[in-house]
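Peer 1: Sequence:
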Amino acid sequence: MSTLSAAQVSARRESVVAALTSPDLASIVDLVVWVEVDADDPSAGPVAVAASHIGRVRLHLDGRHEVCAGLDPIANEDAMAFLPYERECASPGPRTSRENAYPYAASRILSLFADPTRSPDVAVVHTPRHFFPEQGGHVGEHGSLDVIQSRAPLLLSGRGVAARGIVDEHARLVDVCPTLATLAGVTGSDLRDGAGDPLDGRALTAYLGDERVARPNVIGILWDGAHCGDLLHMAESGELPGIARLIDHGVALRGGAVAHFPSVTLTNHTSILTGVGPGRHGIVGNVFFDRRTGQTVVANDSATWHRSAEWLRPAAWTVFEMVNSHLPQADSHLPQADSPRTACVNEAVDRGADYSTMAIIRDSGISSGAAGLGDRLPDAADSTHLHNPAHLGDSYYSWGTQVDDLGLEQMRQLWESLEQAPTLTWWASVVSDAGHHAGGPRSDIARDSLRDCDSRLVRFLGHLDGLGVTDQVTFLLTADHGFEASDPTVTGSWQQALQGLGIPFRDEGPGFIYLL
Numbered sequence: 005m006s007t008l009s010a011a012q013v014s015a016r017r018e019s020v021v022a023a024l025t026s027p028d029l030a031s032i033v034d035l036v037v038w039v040e041v042d043a044d045d046p047s048a049g050p051v052a053v054a055a056s057h058i059g060r061v062r063l064h065l066d067g068r069h070e071v072c073a074g075l076d077p078i079a080n081e082d083a084m085a086f087l088p089y090e091r092e093c094a095s096p097g098p099r100t101s102r103e104n105a106y107p108y109a110a111s112r113i114l115s116l117f118a119d120p121t122r123s124p125d126v127a128v129v130h131t132p133r134h135f136f137p138e139q140g141g142h143v144g145e146h147g148s149l150d151v152i153q154s155r156a157p158l159l160l161s162g163r164g165v166a167a168r169g170i171v172d173e174h175a176r177l178v179d180v181c182p183t184l185a186t187l188a189g190v191t192g193s194d195l196r197d198g199a200g201d202p203l204d205g206r207a208l209t210a211y212l213g214d215e216r217v218a219r220p221n222v223i224g225i226l227w228d229g230a231h232c233g234d235l236l237h238m239a240e241s242g243e244l245p246g247i248a249r250l251i252d253h254g255v256a257l258r259g260g261a262v263a264h265f266p267s268v269t270l271t272n273h274t275s276i277l278t279g280v281g282p283g284r285h286g287i288v289g290n291v292f293f294d295r296r297t298g299q300t301v302v303a304n305d306s307a308t309w310h311r312s313a314e315w316l317r318p319a320a321w322t323v324f325e326m327v328n329s330h331l332p333q334a335d336s337h338l339p340q341a342d343s344p345r346t347a348c349v350n351e352a353v354d355r356g357a358d359y360s361t362m363a364i365i366r367d368s369g370i371s372s373g374a375a376g377l378g379d380r381l382p383d384a385a386d387s388t389h390l391h392n393p394a395h396l397g398d399s400y401y402s403w404g405t406q407v408d409d410l411g412l413e414q415m416r417q418l419w420e421s422l423e424q425a426p427t428l429t430w431w432a433s434v435v436s437d438a439g440h441h442a443g444g445p446r447s448d449i450a451r452d453s454l455r456d457c458d459s460r461l462v463r464f465l466g467h468l469d470g471l472g473v474t475d476q477v478t479f480l481l482t483a484d485h486g487f488e489a490s491d492p493t494v495t496g497s498w499q500q501a502l503q504g505l506g507i508p509f510r511d512e513g514p515g516f517i518y519l520l
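First residue of the sequence shown? That's 5 in my numbering, and the numbers climb one at a time after it.
Any given hint could turn out to be false.
[Stated by the list, open to error] Estimated spans, in silico, between C-beta atoms of each pair:
(1) 492 / 168: 36 to 44 Å
(2) 363 / 72: 44 to 52 Å
(3) 368 / 15: 44 to 52 Å
(4) 507 / 363: 25 to 33 Å
(5) 47 / 201: 35 to 43 Å
Since the hints were made in silico from the structure, they are not lab data.
From the three backbone atoms N, C-alpha and C, an ideal C-beta is built for every residue, glycine too.
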């Protein structure tokens, strides 16, 4: 735990913010964000603050922007910015914060900083064009507060969903959990966390019909990193027939679903499956520092995914725990006592699921987790869903192909019949993230990764067709974040500027600054 007083933290934070908002770093630092308490009114609680080289603003939950100096660096919070998709394509990677949009900025910043031991003191937002491979960056990037990196696709389809096609609306990723739980039979008054507190998200009932399903079967699908605009564009042009089929029998939000900040993988997988933000579920980043233990936690890694429950706060119930608490095994419609009510395929956030890929890994005793599966995975070169074998030269893409082929096989086994199928099934895919990291959105490898995912979806829908049950299933498809392309000419680091201050700190991520 930090022994710094509030005054010391404030003083050191101001030095850090001044260094990071220097015009010399403007090409790589988009924003610096933190929370502070008004010394004149501490009972009002913390307020979100954002700064850049052009100015500083205090952001209130009621929507007010209190400009403290210069210009407002978060002048636009429009979640529908850069739509229709042609607008995004015409101006990829906005260069300055004044050209960008940051939806739900206050609530997302406040959530990040709400964890008492894991939240950083300052968070640095990379510019969309920042290329930092020496610190783990890629050609395709995400993690920002901005709208494109935060925009994930969101589709609802099938039984009980109103067929509306693509609509000019948006939601938030924290809305996924209560929507899935509602579809699976959890009543609205019981959409709460383990402490009995309401969720941050809300069930998207406006897209559901009036049909009350006595025996629901719900399948949630996550294509990690799938770019919302490209996914819908490719579906409309006939390149993703599986997605197109879901849209034809349901609704897709053109504005997608806004991720929590940071718009990184495990933070948002957890927000999706708990319905609360990082300040409540505890997974504040893919990498974060825990002041209580004095340790850096690398939560988003193939070697640690199976351990996600160790870091998940106890009060943050997963959707599997919510559904199972309302569907006791003895009262389940399933004919076998050991049949899973809930299933979680290739997903780290699996606590409470009756069937889980990560539970199988934990039970196997493989200390390196999913990274140690090795020859237990299918051969990527034999995949019938691979559109371009050349992409296997990328090790992440190759591994993602293996994992996703195994995921499809698990789905087919879980769904051998409707009678034995889980009430709620969650199915995550990896290769879409690999493709977008490798080439950025709209690249050949990114689009092929979407085609690969769609091929598996088509195969699974065909499996359901063969059982004659497709029209009895409700589907929800989403992702955990969006993507933007970095610029290989925009490089650099803020480390030297911080080290010159002579202030002890940790920079995890990079971008999470912990003052020591």
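Peer 1: The structure should be examined with respect to each hint, and the outcome stated for every one.
Peer 2: Here is what the structure says about each hint:
| no. | hint | in the structure |
| --- | --- | --- |
| 1 | 492 / 168: 36 to 44 Å | 41 Å, holds |
| 2 | 363 / 72: 44 to 52 Å | 49 Å, holds |
| 3 | 368 / 15: 44 to 52 Å | 50 Å, holds |
| 4 | 507 / 363: 25 to 33 Å | 43 Å, violated |
| 5 | 47 / 201: 35 to 43 Å | 21 Å, violated |
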